[in-house]
Every structure is written in C-alpha cells, then in structure tokens.
Amino acid sequence: MSRAEPGAAVQALPERRAVRVTWAGALLAGALLLALAPSFTSDYTQQVCFRVLEYAALGQAWNLLAGYGGLVSLGSAAFIGIGAYTTAELTNHGLPLVPGMLVSGAFAATFATVVSPALFRLRGLYFTIGTLALAEALRLFMVNYNGLGGNIGIFLQTAAPTTAGLYWLALGVAAAATGLVALILRTRLAISLRAVRDDEDVARQMGLVSFRTKLFAFTLAAFLMGVVGGLQAGKLSQIEPYGSFGLQWTVDIVTVALIGGLGTLAGPLIGAVFTVALAEWLNAYPSLHLAITGAIVIVVVRFAPGGLWGLLAHGWARLRPERVAKKHGGTPR
Amino acid sequence: MQVPSAHTLVTALVSGVLLGGLLAITALGLSLVLGVMRLINLVHGEVVIAGAYLGYVLLSKLGLDPLAGLLLIAPALALLAYPLQRVLLLPLVGKGVQAPLLTTFGLSVIAQNLFVLVFSADTRSLGRSYATAPLHLAGLEVPAIYAISFAVALVVVVGVHLLVQRTGAGREIRAAAEDPVAAAVLGVDVGRVYARTYALATACAGVGGVLVGLAFSFEPTTGTSYLLSGFAVVVLGGLGSVLGTLIGGIGLGVIESLGGAVFGDGYRDFIGLVVFLAFLALRPQGVLGRADR
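Quick note, the sequences are listed as chains A and B, same order.
Be aware that the first sequence starts at 1, since it is given in the working numbering, and climbs by one per residue.
Be aware that the second sequence starts at 334, since it is given in the working numbering, and climbs by one per residue.
If you are wondering where the hints come from, they were derived from the structure by calculation, not from laboratory data.
Note that the structure is predicted; figures quoted are calculated from it, not measured.
The hints are all genuine.
Derived coverage of chain B by chain A (criterion: at least 3 residues anywhere in the stretch with Cβ under 8 Å from a Cβ of chain A; other residues may be distant):
hint, region
1, 417 to 427
2, 433 to 442
3, 447 to 461
The beta carbon of each residue, even a glycine, is placed where N, CA and C say it ideally should be.
Make a model of the complete structure from these sequences and hints.
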C-alpha cells in the first residue's frame with residue numbers, strides 16, 4: 001500500500017534522485033552484508049537465516065497470488081512437495097542441486113498449468129477449497145503410492161551442501177523471488193492482476209483475459225514454491241510425504257504473508273523475519289508458539305489489514321507529514 | 334489393487350451408506366455456515382475434533398458415556414461459539430471474503446495447538462464396547478457405531494431441517510441467507526441470526542465429533558480431513574440444503590467405501606477428494622445452486 005504511489009511522481013526530480021541514490025546505497029550495503037554473513041556468523045544463525053529466506057521466497061510467491069491477485073490458495077504444500085520430490089529424484093540421478101531446483105520449479109509450474117483449468121472455474125472461496133482439497137489429495141496419494149517411496153519417502157544419496165552453501169542458495173532464491181515480483185509490479189500484469197482481484201467481472205468487461213492473468217500468477221507462484229521445495233530437499237537427507245506435502249507449509253506461508261502485509265513487496269520479508277524470530281524465541285514451546293501465531297493472525301486481520309509493513313509505513317508517514325498530503329492524493333484504495 | 338468379491342462390495346456399499354450418516358453430520362455445520370453466512374469456516378474441522386475431545390474428557394474424568402454426553406457437549410459448544418462469532422466474525426461482515434476466511438484460519442491454528450497443549454499429540458479414541466461390536470445385517474457385518482451414528486445423524490439432520498423450515502427462527506435464517514440486506518430492512522437482526530446459525534452449526538459439528546471419536550481414532554490434526562470431507566458433502570449434496578447434506582454424505586460414504594474396497598483402504602480419503610475435485614471442477618455452478626463468489 002505504500003510502494004511507488006502515483007503521487008510520488010509529483011516530487012521534484014533532484015530530490016527523487018537523491019532518495020534513489022540513498023536507497024540504492026542502503027540496498028547494496030544490505031546485500032553485501034547478507035552475502036558475507038557466513039564469514040562472521042555461526043552455523044546456527046545461518047540455519048535460522050536459511051528458514052527466514054525460504055519463508056521470504058514462499059511468502060513472495062503466495063503474496064503475488066493472494067495479495068495482488070486475490071487468489072487465496074491453501075494448496076502451497078502441493079507445489080513445495082512436488083519440488084522436493086523432483087529435486088530428490090533428480091539429484092539421485094546425478095543432476096547437481098541448482099539445476100535440480102530449477103527443473104523442480106518448472107515441474108511444479110507445469111503441474112499448476114495442468115490443474116489450472118479446473119481450479120480457475122472456481123471463484124473466490126471455492127478456489128480456496130479447491131486448492132486445499134488438491135494439496136491434501138496429493139499428500140494422501142504420495143503417502144499411499146508406492147512408486148515414490150510411499151510413506152517412507154526418498155533418501156538423498158548426494159551429501160547436502162554446507163550450511164553456508166545452503167544459506168547462499170536460499171539468499172539467491174529469496175532475492176530472485178523478490179526481484180521477480182518487483183519486476184512484475186512494474187508491468188501491466190500487476191495492474192491486470194489487481195483488477196481481477198478487485199472485480200473479476202468488471203475486469204473481463206474491460207477486455208482483460210482474466211484466465212491468462214490468473215494463470216501467470218499461479219504458475220509463477222508454483223515455480224517459486226517448487227524451487228523452494230527443491231532447496232528444502234537439498235538440505236535434508238530424506239524426504240517423506242508428511243513433511244514435504246504437509247499442511248504446515250501452507251499454514252506458515254499464509255501467516256508469513258499476512259503478518260508481514262498482504263499486497264506489499266516488503267511484507268513477506270518482514271513477515272518471514274517476524275515469524276521465524278517468534279518461533280526461535282518460543283522454540284521450547286512449539287504448540288504455544290503456533291497458537292500465538294494464530295492469535296496474531298486474527299488480530300492482524302481485524303486491526304491491521306496492512307500487516308506489520310502497513311503499520312511501519314503508517315508510522316513512517318506520520319513522522320514525515322509533508323509526504324502524507326502528496327501520497328493521499330494518489331492512493332488508489 | 335485386487336478384484337474384490339461381490340460380498341466385499343455389498344458390505345462396502347452398506348457400510349458406505351451407514352458411514353454417510355457420520356459424514357453428513359460432520360458436514361452439516363459447514364453447510365449451514367456456508368449457506369447462511371457465505372463463510373468458509375476453516376475452523377470447522379477443529380470444532381468436530383473438539384466434540385471428540387469433550388467426549389473423551391467426559392468419559393475419562395466423569396465416566397459419562399459419550400452418547401449421553403452429547404446432551405452436554407452440543408450446548409457447551411454452542412455457548413462457546415455464539416460469543417466467538419459476535420466478537421471475532423461479526424465485525425468483519427461486509428469487509429470482503431478474505432478477512433473472515435483468514436480469521437477462521439487463525440482460529441483453526443489456535444485450536445489445533447490448544448489440543449496439543451491440553452491433550453498432547455497422542456492418537457485417542459472413545460473406545461466403547463457397543464461401538465466396536467460388529468452388527469449383523471442380513472448376512473453382512475458392519476461396525477455397530479456406523480448404524481448408531483447413522484441414526485443420530487438422521488435425527489439431527491431432520492431436526493435441523495424442521496427447525497429451519499418450520500419455525501420462526503428458521504424463517505429468519507432463511508431470510509438472512511437469501512438476502513441479508515432485505516432481511517435487515519424487514520426487521521431481521523441479521524447479526525443475531527448469524528451468531529445463532531454459527532452456534533447451531535458448532536453444536537452439530539460437536540455431535541459429529543463425538544461420533545467420530547466413537548467410530549475412529551483422532552488426534553489434534555484430524556480436523557482437516559473432516560473439513561475436506563465436509564466440503565465434499567456440501568458440494569455433492571447442494572449448498573445450503575440441510576437434507577442435501579444427508580444425500581451428499583451417503584454419496585461420499587459410498588464412493589469412499591467402494592474406493593477403499595477396490596484400491597485398498599489407504600486410498601479411501603484420496604478417492605473421496607478426487608471425486609470431490611472432479612465434481613467441483615466439472616459443474617460448480619450446477620451443484621452449488623446459488624453460485625456464490
């Protein structure tokens with residue numbers, strides 16, 4: 001809600017350039033710090049960061065679907081599981097991890113394309129049920145089907161990368177996911193997506209092909225989730241259907257995106273940091289932690305629909321009142 | 334996959350029909366909330382399991398039989414649900430479909446983990462001798478609890494049907510479901526109707542949960558499968574139709590039972606979900622009646 005608002009264009013050019021340079025500098029410094037982190041942090045910190053980055057990438061993917069496109073999917077686990085299994089199979093057949101992850105993403109995206117005609121016949125709430133049913137069906141199939149290891153799963157024959165290696169991979173995936181979504185937000189597609197979210201019928205009457213718009217978001221999200229699934233497999237020595245296709249993935253992704261801020265680029269990043277930090281803080285009480293997360297979700301939905309990022313942006317705007325006037329002129333909703 | 338004998342198939346068919354009663358009653362609350370409030374109640378499965386856990390508490394602490402305990406469990410859950418709806422869900426009416434959906438999602442996460450905290454993650458069941466005893470029906474053998482739950486489901490479903498169709502409170506429910514704005518204009522307190530519907534739905538789910546506990550084992554995360562079977566029943570039986578849940582339940586029960594007999598028991602739920610997805614994809618508007626977005 002506080003990204004490149006049209007009102008920002010009103011700002012004088014030199015000032016904008018200065019702001020840009022500052023931002024670019026900060027980003028560069030941040031990127032450098034993140035990239036060099038393994039040289040001055042412990043294995044434990046890197047493992048925690050790995051999870052933050054995984055969730056950040058997943059949150060970006062889901063946010064593209066649900067936050068910008070209004071497609072509230074509860075089927076994320078399906079694509080993560082497909083990614084994990086594909087990577088496990090491919091690396092066991094000799095493919096290195098990174099290409100394996102990319103193929104996994106492509107495979108998950110293909111699966112998304114195959115099921116999309118059926119899922120997109122379902123609108124709104126029914127789409128949500130359909131995705132949940134699809135993911136559970138797939139999980140049950142993987143538990144019972146013996147061809148892919150059944151309920152025992154697959155053992156990975158190649159050794160997992162080092163903690164630092166995994167961290168860098170996760171950093172790359174999270175950065176790529178954020179970059180991709182940021183790029184998409186600069187195209188017409190983002191506008192189409194939001195139009196379909198706000199009123200699909202009107203969007204259609206305006207000549208938008210809503211199916212194609214939704215399909216793009218759905219397959220891209222599936223691709224990213226498949227890649228993260230592959231990354232997760234690369235970390236583990238064994239994958240099994242309960243974990244890979246588990247509903248917990250879906251639940252975690254929704255909470256990350258929602259707590260961070262739906263429909264914002266920074267939301268999933270902040271949400272991932274917050275969610276993992278909370279989990280670490282309460283790691284002796286996993287159930288209590290999840291129950292508290294559920295309560296936070298309810299409070300956020302009710303009182304802060306913009307999530308943590310929305311609250312931050314709001315607070316920032318209050319600190320700099322001269323920008324608020326300009327912004328409010330151009331905020332679309 | 335083995336070719337089952339005719340006897341196996343007939344047994345599967347009969348137990349499928351009877352199991353349909355259980356599936357219908359676990360779906361009834363979901364159908365009511367979806368039909369009247371246009372809300373996907375993602376915490377529905379946890380309410381079902383809450384019923385099972387309450388039955389467990391009554392049985393283990395007070396020695397009360399779960400079937401007799403129904404008379405305590407259903408009102409207790411309704412009393413819990415009424416204020417919950419008024420405080421958490423009612424303020425979100427008119428704020429789009431996502432906000433209430435995600436609120437029930439949060440409730441479901443809370444409930445699942447409260448179950449773990451209070452009852453641990455162990456698998457439990459309400460072991461009663463009459464439930465597990467086999468029942469002989471014309472040369473076929475089915476678990477007695479299937480027949481018991483079918484009878485209970487029949488009573489509850491018909492009771493709710495009569496409540497909705499024949500009473501003043503039911504007329505208000507139907508009016509609010511049909512057109513909440515018009516109903517409000519005509520003096521119906523739609524918020525109160527919603528809260529009552531939610532309470533009624535929760536009570537029904539709790540009854541279903543006790544039967545689930547008697548027939549099968551359960552653990553904190555079991556709710557999800559009853560949420561999904563509930564959706565399948567609602568879609569098969571028709572949205573907003575109380576008697577339809579019985580038809581949908583029997584339909585799903587037969588499909589799952591036959592699927593289990595043909596492909597192996599592990600595939601029961603999978604077959605149910607696949608048929609559900611196919612149904613949803615092939616004719617959503619036809620089955621869902623008043624198509625809703």
